[in-house]
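Asks: In order, the protein sequences belong to chains A and B.
So the first sequence is numbered by the working numbering: it starts at 1 and just counts up by one.
So the second sequence is numbered by the working numbering: it starts at 1 and just counts up by one.
Since the hints were made in silico from the structure, they are not lab data.
Quick caveat: nothing in here was measured; it's all calculated off a predicted structure.
Heads up, a few of these hints could be off.
[Said to hold, decoys possible] Straight line, CA to CA, 30 Å or less: simulated DSS-like cross-link-like pairs of lysine-lysine: (1) B:Lys116 / A:Lys167; (2) A:Lys285 / A:Lys64; (3) B:Lys116 / B:Lys128; (4) B:Lys171 / A:Lys169; (5) A:Lys169 / B:Lys54.
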Amino acid sequence: MEAGSIAHQFVQQLINGVSLGSIYALIALGYTMIYGILKLINFAHGDIYMVGAYVGFFATSILKLSFFPALLMAMVVAAVVGMVIERVAYRPLRNSPKIAILITAIGVSLFLEYGGMLLVTPQPRTFPAVFAAELYNFGGIVINSQQIVILAISIALMIILTYVVQKTKAGKAMRAVSFDTDAAKLMGINVDQTISFTFAVGSGLAAAAGVLVGIYYNSIDPLMGIMPGLKAFIAAVLGGIGVIPGAMAGGIILGIIEAMVSGFISSTFRDAAAFGILIIILLFKPSGLMGKNVREKV
Amino acid sequence: MLEINDINVYYGAIHALKGVSVTVEEGQIVTLIGANGAGKSTTLRTISGLLKPKAGQVMFEGKSIAGMAVHNIVKLGISQVPEGRRIFANMSVLENLELGAYTRSDSKGIREDMDKIFSRFSRLAERKPQMAGTLSGGEQQMLAMGRALMSRPRLLLLDEPSMGLAPLLVKEIFSIIKEINASGTTVLLVEQNANMALSIAHKAYVLETGRITLSGTAEELAASEAVRKAYLGG
Numbered sequence: 001m002e003a004g005s006i007a008h009q010f011v012q013q014l015i016n017g018v019s020l021g022s023i024y025a026l027i028a029l030g031y032t033m034i035y036g037i038l039k040l041i042n043f044a045h046g047d048i049y050m051v052g053a054y055v056g057f058f059a060t061s062i063l064k065l066s067f068f069p070a071l072l073m074a075m076v077v078a079a080v081v082g083m084v085i086e087r088v089a090y091r092p093l094r095n096s097p098k099i100a101i102l103i104t105a106i107g108v109s110l111f112l113e114y115g116g117m118l119l120v121t122p123q124p125r126t127f128p129a130v131f132a133a134e135l136y137n138f139g140g141i142v143i144n145s146q147q148i149v150i151l152a153i154s155i156a157l158m159i160i161l162t163y164v165v166q167k168t169k170a171g172k173a174m175r176a177v178s179f180d181t182d183a184a185k186l187m188g189i190n191v192d193q194t195i196s197f198t199f200a201v202g203s204g205l206a207a208a209a210g211v212l213v214g215i216y217y218n219s220i221d222p223l224m225g226i227m228p229g230l231k232a233f234i235a236a237v238l239g240g241i242g243v244i245p246g247a248m249a250g251g252i253i254l255g256i257i258e259a260m261v262s263g264f265i266s267s268t269f270r271d272a273a274a275f276g277i278l279i280i281i282l283l284f285k286p287s288g289l290m291g292k293n294v295r296e297k298v
Numbered sequence: 001m002l003e004i005n006d007i008n009v010y011y012g013a014i015h016a017l018k019g020v021s022v023t024v025e026e027g028q029i030v031t032l033i034g035a036n037g038a039g040k041s042t043t044l045r046t047i048s049g050l051l052k053p054k055a056g057q058v059m060f061e062g063k064s065i066a067g068m069a070v071h072n073i074v075k076l077g078i079s080q081v082p083e084g085r086r087i088f089a090n091m092s093v094l095e096n097l098e099l100g101a102y103t104r105s106d107s108k109g110i111r112e113d114m115d116k117i118f119s120r121f122s123r124l125a126e127r128k129p130q131m132a133g134t135l136s137g138g139e140q141q142m143l144a145m146g147r148a149l150m151s152r153p154r155l156l157l158l159d160e161p162s163m164g165l166a167p168l169l170v171k172e173i174f175s176i177i178k179e180i181n182a183s184g185t186t187v188l189l190v191e192q193n194a195n196m197a198l199s200i201a202h203k204a205y206v207l208e209t210g211r212i213t214l215s216g217t218a219e220e221l222a223a224s225e226a227v228r229k230a231y232l233g234g
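Use the sequences and the hints to build the structure in full.
Replies: Have a look at this one:
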């Protein structure tokens, strides 16, 4: 490749990567918030993303809703599903060993995947085109209008989330519980309610990602959450699990790396690169890029 | 105001409190003194609802609160400054105080109380936007106390406020505790520094391995041979 075409390819993949990465970031946020508050890797989180995609699908295809109402509906339904999962599956195990709740999370994940197959059939569905995909060509660099929508909505949601977490009472309660649960209780914070709220917010964000992916890739199926779920987990670890800006940055970085590997090497190496990053980060900086060094308090 | 009656508390198989009874009258400073591991913090944690007694009663203003959720106990008017301060280190001084007022929604009253706290602890006022984790030990203790006061408690539980502080700061903290009490808040104080605790308290209890072994007015205990030998250094 000559220099000009390499630069051209680089910019093109950068755009693809940021767009893909913002999806990872939306899912990673839920992972990281739930980890922050419960110290639980919620392996069912990727499947919540799938639930969101299906709700979006039915909202647009059967209820004939337009894009924004469908997106909102998917987020609300997924938020409720997330809260129910926490209430039914995780809360009874709050004081059990961590491994019990982790295994339960894997169980919930399988339940959603195969329960989903039973409910909506394993057949992939074609997501209706809620708005036309237009291609813009800037001197050979192609930008899809859907990529712009994905990025714009992801950024908007992240701004809203940051505001909620930093400025609102519920967000402050969330940070307090995740920093020191007993101290938060002594402030009069209802910890159960705060945990429910965290599941609702995290699940809503994952559902938004599900709808956006449905629109972008056109196709959804009950197992669609597995790979993005794992990738978002990697993104969360990369940024520093439990750290909200870390999940955002980790998602975007992972998306860019994957796009570069697809563009310059081969798309078959994409997943290998992602998991390679997980191994490298766990070997050299397990606390993640933005993670704090956790000191054990005595 | 507060009546603990014959409570038994366990940590797993460990019997931490073996029939402890403590009474706190409104307006007083009552102190629990005793060695490490005697069960002082366990008593406070049980009052706040962080631990549930296996047997016995905890009555606050005639109402049984044993087994109630911690946040509801805070709403009734019991606030605790936990051992080791437990401030939210990754949040600002201001945010810590806001969290202290979590149970309240009267934004005007909250602002007034915050001003009061900043005038009482002027060093916090200078550090409003600073991360709480960057404060010195004494400032963190002041923040923890200010934060607990933000819920407008009628009963303030203080767990080892002198821990890890220089003697001068300990004096300052104790004179603040007296002021807080004088302005109408009842105080239950747990301390290893028995000298200081007895000097400001009205009433005192001595706790040894999960049992109350002595009780009386602070003067009585300060004069008692047993207490002087064991806790006051002769």
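Asks: Which numbered hints turn out to be false for this structure?
Replies: 2, 4, 5
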